[in-house]
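Participant: Dock chain B against chain A, hints included.
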Amino acid sequence: MTSLPEHTEKSLGLVIDLDTCVGCHACVTACKGWNTENYGAPLADVDAYGADPVGSFLNRVHSYEVQPDNGPAQLFHFPKSCLHCADAPCVTVCPTGASYKRVEDGIVLVNEDACIGCGLCAWACPYGAREMDPAEQVMKKCTLCVDRIYNENLPEEDRLPACVRTCPAGARHFGDLADPDSAVSRLVAERGGIELMPEQGTAPVNRYLPPRARDAAPQTDVLAPWLEPVAEEPHGFLKWLDSALEKLG
Amino acid sequence: MHPAASIILFTTLSGAGFGMIAFLGLDVPAPRGWTAFADFALAYGLAGGGLLASVFHLGHPERALKALTQWRSSWLSREAWLAVLTLALAGLYAIGLVFFRTRIAPFGVPAGALALGTVFATSMIYMQMQSVPRWNHWSPPVVFLGYAVTAGALLTAETELALLFLPALMILQILAWTDQERRERTSDTTIATATGLGTRGTVRAFEPPHTGTNYLMNEMGFRIARKHALRLKAIALALAMVLPFLLIATSGNPFVVALAAASHILGTLVQRWLFFAEARHVVSLYYGR
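Sequence lines, in order, name chains A and B.
Residue numbering for the first sequence follows numbering that gives the first Met the number 0, starting at 0 and increasing by one per position.
Residue numbering for the second sequence follows numbering that gives the first Met the number 0, starting at 0 and increasing by one per position.
The hints are simulated quantities; they were obtained by calculation from the structure and are not laboratory data.
We put the beta carbon where it would ideally sit given N, CA and C, even for glycine.
Heads up, some of the hints might be wrong.
Claimed, not checked - Residues from chain B shown here face chain A by an in silico Cβ test under 10 Å; the list is partial: (1) 195; (2) 203; (3) 280; (4) 283.
Claimed, not checked - If you want the ones that stay clear, here's a sample from chain B, every Cβ over 12 Å from chain A, calculated: (5) 65; (6) 80; (7) 95; (8) 157; (9) 158; (10) 230.
Extracted from the complex, chain A is given alone in its bound form (with noise of 0.2 Å):
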């Protein structure tokens, strides 16, 4: 059924920092290795070395500016997959019952034996993490690596989300959301950690580390001190040739 379970025994999702987060697309590379080679349809690319290249990623890093209001401007890049949510719209619209929301732990995943393609599930999630595969036609989505976290194959460092593994930057957390005293809670609960678009009411269990306060420092650099010898007002030959010009209008 694509009813959603009212509790989940645990809540496992992802904390990323995007005060540490480089932008360099480790992650995403990890990810479509992994999941293009284990659980489920591989992640396709269709005309991948051609003129217009187009493939299924189950995270993106997208890249933002923000201007304060005072000072210059910030560059935040900003990994995106599904956040599995307590209250999954993607689940609910499902008419096959392939989409489901797991009670044990509360990962989001789909069956694609049952999945026929039709594209709801996609359109039903705000935040863009679901895509249709371009080859076989099923919906792709995160599974935090359902097939990596309980894998007692695989030595324990690597019982991770392929995306956490391979973070250089240590910006992405796994870990259970559900229980206070894990440490991706506690480290929500020490940085701010918050949901992305709260008013759309999918309770995200995914959360994002906002970028800490910078130091307000008078300058952006160590050097301009040195750099300020800047004349603002001319002396000399400048001063005469800058009247000088006024003068010819």
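Facilitator: For chain B alone, coordinates are given in the frame of chain A:
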């Protein structure tokens, strides 16, 4: 949203077909024998043709029957059930009218009600999408049902009713477009809430995740029709309401009524194209659109 031809055809033709079944089920035009056969053949052609178009829009049409399983939670599944039940009951009802010239009201009335229920379920698929502010609005059920009953009246040549429905539908449609515009403009979801960075300053999409396009951008970020939206709205109103009204107001000739119905359906196709193409999904905020 991507205005897929199959979905535009489906909502338009099935809407008209189910609108016809509603009229036939309630015995408003009261055909018997071969006239009834012709009416039901047209209604089944429209409703069934539309449904077939929608099935071929699926990535895996061979698994379409699985869509009947989730009626408890999914409007798409409910729509499938209602369509099947309507066509089954209307078939039994048609047998009575065509071969025995007898009206079996216990089949006809529920078939008519279920036909309207099917159109309602179709509209709810769109209305429930909180991710598409323009659809998450009172108008889809009202407008879809309005077009269905108007097409039903025209196709069953109930011109007196059609003369009432056409101006009413026109007012309703203009109201719906205006209020949908407002709904989209005043949506709570902005690039500020989408990124959670809005409290720090003005957020601007700086760089997309890739240089090419992707499924999400093709499916949700359709922009071409919006450029001509106003002209298309005028064309839709002219074809769907004004021209049919003028035609049936001046003549009761069956060919003129058929022409009016054809014009109405053509106008509905334009309206549906806009319904999809104009609707903006909130995911386009992530792409700075």
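Participant: Against each hint, give a clear statement of whether it holds in the structure.
Facilitator: Hint-by-hint comparison with the structure:
1. 195: 4 Å, holds
2. 203: Result: holds, 5 Å to nearest chain A Cβ.
3. 280: 7 Å, holds
4. 283: 9 Å, holds
5. 65: Not fine: 4 Å to the nearest Cβ puts residue 65(B) too close to chain A.
6. 80: At about 10 Å from chain A, residue 80(B) fails to clear the 12 Å cut-off, so the statement is violated.
7. 95: 32 Å, holds
8. 157: 34 Å, holds
9. 158: Residue 158(B) clear of chain A: closest Cβ-Cβ about 38 Å, beyond 12 Å.
10. 230: 27 Å, holds
When each numbered hint is compared with the structure, violations occur for hints 5 and 6.
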